[in-house]
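Novice: Those sequence lines, one after another, are chains F and Z. Heads up: the first sequence is residues 54 to 88, going by my numbering. Heads up: the second sequence is residues 192 to 722, going by my numbering.
The hints are simulated quantities; they were obtained by calculation from the structure and are not laboratory data. For each residue, glycine too, the CB sits at the ideal point set by N, CA and C.
Quick look at which bits of chain Z chain F covers, simulated, 3 or more residues with Cβ under 8 angstroms:
(1) 270-280
(2) 427-433
(3) 464-470
(4) 478-492
With a straight-line cut-off of 27 angstroms between C-alpha atoms, the simulated DSSO-like cross-links for lysine-lysine are:
(5) Z/221 to Z/469
(6) Z/219 to Z/295
(7) F/83 to Z/295
(8) Z/638 to Z/307
(9) Z/466 to Z/295
(10) Z/466 to F/83
(11) Z/218 to Z/294
(12) Z/307 to Z/294
(13) F/83 to Z/469
(14) Z/469 to Z/219
(15) Z/287 to Z/310
(16) Z/310 to Z/294
(17) F/83 to Z/287
(18) Z/469 to Z/295
(19) Z/294 to F/83
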Amino acid sequence: MFGIDDPWILLGYALCFISTAFGVVYGLLKWNEEV
Amino acid sequence: MVNQTLFWAAAAVYAVVICYLAWLGYKKTKCNDDYMLAGRNIHPVILGLSYGATFISTSAIVGFGGYAAKLGMGIIWLVMLNISVGVLIAFMVFGKPTRRIGKKLGAMTFPDLLGKVYKSNFVQYVTGLIIMVGMPLYSSAVLIGGGRFIEQVLDVPYLWAIIGLTVITAVYVVFGGLVAVMYTDALQGSLMIFGMSAIMIITLSAVGGFDGFQSLTDMSHLVPAGLASTGMTGWTSFPELGSATWYTLVTTIIMGVGIGVLAQPQLAVRFMTAKDGKSLNRAIPVGAIFILITTGVAYTMGALTNVYFYEKFGKISTEMTGNVDNIVPLFIDIAMPEWLVVMFVLVLLAAAMSTMSSLFHVMGTAAGHDIWVHIRRAKFFPSRLRGSDEDASKLRVNKIGTFLMIAVSLGLAFIMPGDIIARATAMFMGLCAAAFLPAYTVAVFSKNPSRLGAIASLLTGSIVWAIWTVFVHQAESGVLRVSEILTGNPSVLDFPWTVVDSLFIALPLSIVALIIGTMIERRRSPAVTEA
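The whole structure should be built from the sequences, with the hints applied where relevant.
Specialist: In structure tokens, the structure reads:
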């Protein structure tokens, strides 16, 4: 994909975007939750 | 070379805004609690930006960006760990109990938190001392990174560059405390997000868009023979499993920095500035996006510099300049439009100042609050030097402590070698993880933490880390030369131990020491266990 063949590099990039998306969704879902 | 007129005009605007924020911080700092923890009432967006800007320094952008140019895109796993461990786990798992316990016990600093949880002044002293000894290594590396860049791009002598950078940062840290530090962090963090986004777009257009990745893959035959023989396979592929390059990339850079972030005092103290747990949740999206953009761009751009330099000059990045720390500045200088070069200089200044200011603050409060405040009560201490217990006196002591630790960092920046930015950063983070992580984890999660376990872990982690760094891990032991002078060899062990980072030896032993110490304490006083 995009000229990168090594699955480890592609997995690294994918996990970067997935973990960022998780952080954004988590923060928004818990926005008003009292902790 | 940067357009000087444009730069100084932009720098003047930047300086005026920084001065205004520093003045705001000064006005809001009325007592020691404000100076140390920004009154425990910081806005979530400022918290998220401040956490990110403190975390990401010139080391990340220039140092590790240069490593990406040398070793390729495998370093993207560090971005993944920076987000998942450095933001998600740090805020969701460690942040909330740290804030809650810190507030309940009235802890002001990271050593103070550990000292109060373990009911031990000794734990507080040792933690404070490790910070005072280890952290100048990191703050000086950040300062060197900023200074070298200013020297290269603005043609300002290195000596004046690092003195200027230190003085500007010192003024707002000493007078404005953590409020000024976090307000300026938020400005600097915003600048970093905007600048790095622009750099990514222009880098991609300079190497032919996404086709640049294919070009980089096709360049694998250009990997220098020295790196190929130690396992490097190309810039868009991971090094050979178990090779020396693999060990360096995985154990020092990815894991050392990726895990080391969890127990860094300057980041842990950020959790204690939040008003409530809700603020920490709200800071997570800001922190995660910040890390993705700043480090993701720096490392991807770093690797792609090879395509640009090869197409323009027929050379790969490491052939363009002998020092990996110069690759990213050189690329920006040659490949970017004038306005973006100016922007990048400001981004790097922001990255350096936001990290340095937090390190100065943590070192200063360790010297003032954690060491001095206790030492002055000791019986051997002359009574006329003790000062009073009043808040104003403590505030003054913290300001003096901060000033002294800034002077130490500046002195160290004169004697440390130039190409040490990324290495010194990884060393400091490894030391933090080995010395603090087990005791910090137990402190925030155990209902009955063991004092003996914490002391054993702190001492074992820091001492083993130091021995392995000086005598075994060749990247450091070869530079320090203590092992060579004493034993005739730069490392007392053979491969692969010479390329296994100190963290991988010291952290497991630190955990074992914590468990053994806890078991001994439980056996001595079983009644405590049942309480």
